[in-house]
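Colleague: In order, the protein sequence lines correspond to chains A and B. The first sequence lines up with residues 1 to 378 when you count with my numbering. The second sequence lines up with residues 1 to 378 when you count with my numbering.
The set of hints was computed from the structure by calculation and includes no laboratory data. All figures in this text were calculated on a predicted structure; none of them were measured in a lab. Honestly, I wouldn't trust all of these hints.
A pair holds if it fits inside one copy or across any two, identical chains being indistinguishable in the list.
[To be verified] Subject to a maximum C-alpha distance of 27 Å in a straight line, what follows is the list of computed DSSO-like cross-link-like pairs (lysine-lysine):
#, residue 1, residue 2
1, 112, 346
2, 197, 163
3, 33, 67
4, 322, 33
5, 357, 112
6, 113, 252
7, 4, 113
2 protein chains.
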Amino acid sequence: MNAKRTPTTPADKKKRIEEMNQRIEKLAEQLIKEIEKEENPHLDIPIRGSGNVFFDEKDKKIRLGDKVARRYLFNVAHARRFMQTLLVASYVKKDLLANDLTATLRDLYYAKKHTIQGTKEDTIDEQKESDIAIVDLEVALDSFRERLHLRAEPKGRMAGPMKVVDRVRDKVDTIDLERMGSGGWAVPSIVEQIEFKDVEIEYVLVAEKNAIFDRLNEDGYWKKNNCLLMTTAGQAARGARRLLQRISEELKVPIYCLTDSDPYGWYIYSTMKYGSMALAHESERLGCPDMKFLGMSTSDIEAYDLRAVTIKAKDVDIKRAKEMQAYDWFKAKEWQHEINLFLDKKLKAEIQALSSKNLQYISNNYLPEKIKAKDFLP
Amino acid sequence: MNAKRTPTTPADKKKRIEEMNQRIEKLAEQLIKEIEKEENPHLDIPIRGSGNVFFDEKDKKIRLGDKVARRYLFNVAHARRFMQTLLVASYVKKDLLANDLTATLRDLYYAKKHTIQGTKEDTIDEQKESDIAIVDLEVALDSFRERLHLRAEPKGRMAGPMKVVDRVRDKVDTIDLERMGSGGWAVPSIVEQIEFKDVEIEYVLVAEKNAIFDRLNEDGYWKKNNCLLMTTAGQAARGARRLLQRISEELKVPIYCLTDSDPYGWYIYSTMKYGSMALAHESERLGCPDMKFLGMSTSDIEAYDLRAVTIKAKDVDIKRAKEMQAYDWFKAKEWQHEINLFLDKKLKAEIQALSSKNLQYISNNYLPEKIKAKDFLP
Numbered sequence: 001m002n003a004k005r006t007p008t009t010p011a012d013k014k015k016r017i018e019e020m021n022q023r024i025e026k027l028a029e030q031l032i033k034e035i036e037k038e039e040n041p042h043l044d045i046p047i048r049g050s051g052n053v054f055f056d057e058k059d060k061k062i063r064l065g066d067k068v069a070r071r072y073l074f075n076v077a078h079a080r081r082f083m084q085t086l087l088v089a090s091y092v093k094k095d096l097l098a099n100d101l102t103a104t105l106r107d108l109y110y111a112k113k114h115t116i117q118g119t120k121e122d123t124i125d126e127q128k129e130s131d132i133a134i135v136d137l138e139v140a141l142d143s144f145r146e147r148l149h150l151r152a153e154p155k156g157r158m159a160g161p162m163k164v165v166d167r168v169r170d171k172v173d174t175i176d177l178e179r180m181g182s183g184g185w186a187v188p189s190i191v192e193q194i195e196f197k198d199v200e201i202e203y204v205l206v207a208e209k210n211a212i213f214d215r216l217n218e219d220g221y222w223k224k225n226n227c228l229l230m231t232t233a234g235q236a237a238r239g240a241r242r243l244l245q246r247i248s249e250e251l252k253v254p255i256y257c258l259t260d261s262d263p264y265g266w267y268i269y270s271t272m273k274y275g276s277m278a279l280a281h282e283s284e285r286l287g288c289p290d291m292k293f294l295g296m297s298t299s300d301i302e303a304y305d306l307r308a309v310t311i312k313a314k315d316v317d318i319k320r321a322k323e324m325q326a327y328d329w330f331k332a333k334e335w336q337h338e339i340n341l342f343l344d345k346k347l348k349a350e351i352q353a354l355s356s357k358n359l360q361y362i363s364n365n366y367l368p369e370k371i372k373a374k375d376f377l378p
Numbered sequence: 001m002n003a004k005r006t007p008t009t010p011a012d013k014k015k016r017i018e019e020m021n022q023r024i025e026k027l028a029e030q031l032i033k034e035i036e037k038e039e040n041p042h043l044d045i046p047i048r049g050s051g052n053v054f055f056d057e058k059d060k061k062i063r064l065g066d067k068v069a070r071r072y073l074f075n076v077a078h079a080r081r082f083m084q085t086l087l088v089a090s091y092v093k094k095d096l097l098a099n100d101l102t103a104t105l106r107d108l109y110y111a112k113k114h115t116i117q118g119t120k121e122d123t124i125d126e127q128k129e130s131d132i133a134i135v136d137l138e139v140a141l142d143s144f145r146e147r148l149h150l151r152a153e154p155k156g157r158m159a160g161p162m163k164v165v166d167r168v169r170d171k172v173d174t175i176d177l178e179r180m181g182s183g184g185w186a187v188p189s190i191v192e193q194i195e196f197k198d199v200e201i202e203y204v205l206v207a208e209k210n211a212i213f214d215r216l217n218e219d220g221y222w223k224k225n226n227c228l229l230m231t232t233a234g235q236a237a238r239g240a241r242r243l244l245q246r247i248s249e250e251l252k253v254p255i256y257c258l259t260d261s262d263p264y265g266w267y268i269y270s271t272m273k274y275g276s277m278a279l280a281h282e283s284e285r286l287g288c289p290d291m292k293f294l295g296m297s298t299s300d301i302e303a304y305d306l307r308a309v310t311i312k313a314k315d316v317d318i319k320r321a322k323e324m325q326a327y328d329w330f331k332a333k334e335w336q337h338e339i340n341l342f343l344d345k346k347l348k349a350e351i352q353a354l355s356s357k358n359l360q361y362i363s364n365n366y367l368p369e370k371i372k373a374k375d376f377l378p
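So that you can see chain A by itself, here it is in the shape it has in the complex (with noise of 0.2 Å):
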């Protein structure tokens, strides 16, 4: 197989911290010098924001552009980020990748924050800063979060035909995702380290749902059609985008995503998909570009005859699907069609509405007739 891999053993976890050291030494460094040549000691960190975010055609990935901004340390409107940044910088190398750990950005904040000597100031007043100043270093060393240890809330759980190795430090656990009964696997917060091994799926099915994870779980729905089941219980956790992403990446399976018919199921498939304006600067190791939309969609509710237990849109969803409607993303036909289908009926569905007809319908009928007639939107 000619597929993508990442590397995943204990020594590849040494090479990339050894990698993210130097690259922060190197940052070090060049302020040292800075300092002994008694310059004025910056910090190139690459510009967030609408100004620097476009959508890469040919990627299918929400980027971030090349504006840099310079930060400097005698600069009274730079000062407080830049010593912030380095904090994170210093926290990042000598207390999580030295001792290969892994912290939240809560534990940053309480760890860095504290009064500095002879002044009433604090290091840090809200976390909202600490977090800034770490997205300022991943973006600084061009890396993510994970790689500088840092994990996120994790959400979301799993299971079928295949098994993960995971581990923990020195921990390996081998994970049948066949053998997770009525629960799953929970998605962790990072998973660089996870190896896929006994693959038999074809496909995988992600809900944005713990509900239909639930239900088809129990009509032992990815067992009869080998398919790994996942929910993101709401909009995806960076654990579970970063999963699906090596899934799709090196296992070269499909990744079929089913939501609510509504604007803000689209707006959890698209971030799944193509990554998020905010963290344009993930989408490159978040996004999973060749994820499709199972459903529901608007054309489903007749289709499938729901109109009876459709709920009628708000002014905040036809608001919210004319902006989607103008998203670079959203520009295929396909999509255009779609929404202005939505537009026109002003009708969501939830997903549970098949219960409707009846509870198993999803697993026999929806599912299997919609993954046969490659009834996806792109």
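Given the coordinates of chain A, assemble chain B onto it according to the supplied hints.
Modeller: Just chain B, lined up with the frame of chain A:
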């Protein structure tokens, strides 16, 4: 061992379904008799709400009193809810129990919502109505939601030296909670069928936060200390509460609870331990009276020198603390002292505040010290 055991085999499950069927049939037969005798059909529904809720000092559970409301079909104020309660009963019996399927409250709502023939009246307008009808049926049958095969939103993850045997219809999985990698096993919504196996835990540590689970899991805390580690990821879901109760009663191990030091943390704790006023009829199976509050307590703030990383209490925290101080289940002198201390200092602290010392302080110092000293609140 003399501990209580929940019957978990498929035969036990069949018996449970049969028993629930009989209770629903008995209810239906009473109604048919009344109809045949041309009497006004009625349902007796135990009253919920604060007027019929009390704290059972002996069993340490928030309980429903014995007041009952009689609801009649031929009464304009009762007819709609009467009809809805029977719709729920029919769905539970004919769709769920008969097919050994489970559903969410939302599925039930969609399945039974329809326009009554020859009228413009819908059986159910909003899900709130069917949700209330479900609780009506639960208390009328002297049972609980999971026995009616209704699922709640699952939440929480766990890891530790024991196995669980879980069943999804005919499929039997043995899950080694010692081999769950960095994710953990996701706690399901219904746990009646779960069997405990190869139990080597000495206690359970249940943390309010995912971040604490990740920290302790990375530190191998549960391995070094022979405990089961669980996170509820916020307010505990029904599945997690029931599982904690079952572990406490059946495995006879202590359960220690770890939340932030604030009224919301106390509330999360008290709900797991005593049940809640809103679900007083469920305390019997969701309460965990032997649970202990390990921390974080207001006195920990001084004892562990955390003042610099505290958060000033807001008016709403003070108000909430005063309300809780008046509850019967917070009358223990230790809790009165704790709440007074909070009202005096007006400071909250998060568990992660311990990261200001060092990242592993919680695993290496705080938890072992507190547990060794048995420094708990009741």
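Colleague: Run every hint past the structure and note whether it holds.
Modeller: Hints and how they fare:
no.	hint	in the structure
1	112 x 346	between (50 Å within a copy, 24 Å between copies)
2	197 x 163	both (5 Å within a copy, 22 Å between copies)
3	33 x 67	within (25 Å within a copy, 80 Å between copies)
4	322 x 33	neither (52 Å within a copy, 58 Å between copies)
5	357 x 112	between (56 Å within a copy, 10 Å between copies)
6	113 x 252	neither (44 Å within a copy, 42 Å between copies)
7	4 x 113	neither (41 Å within a copy, 49 Å between copies)
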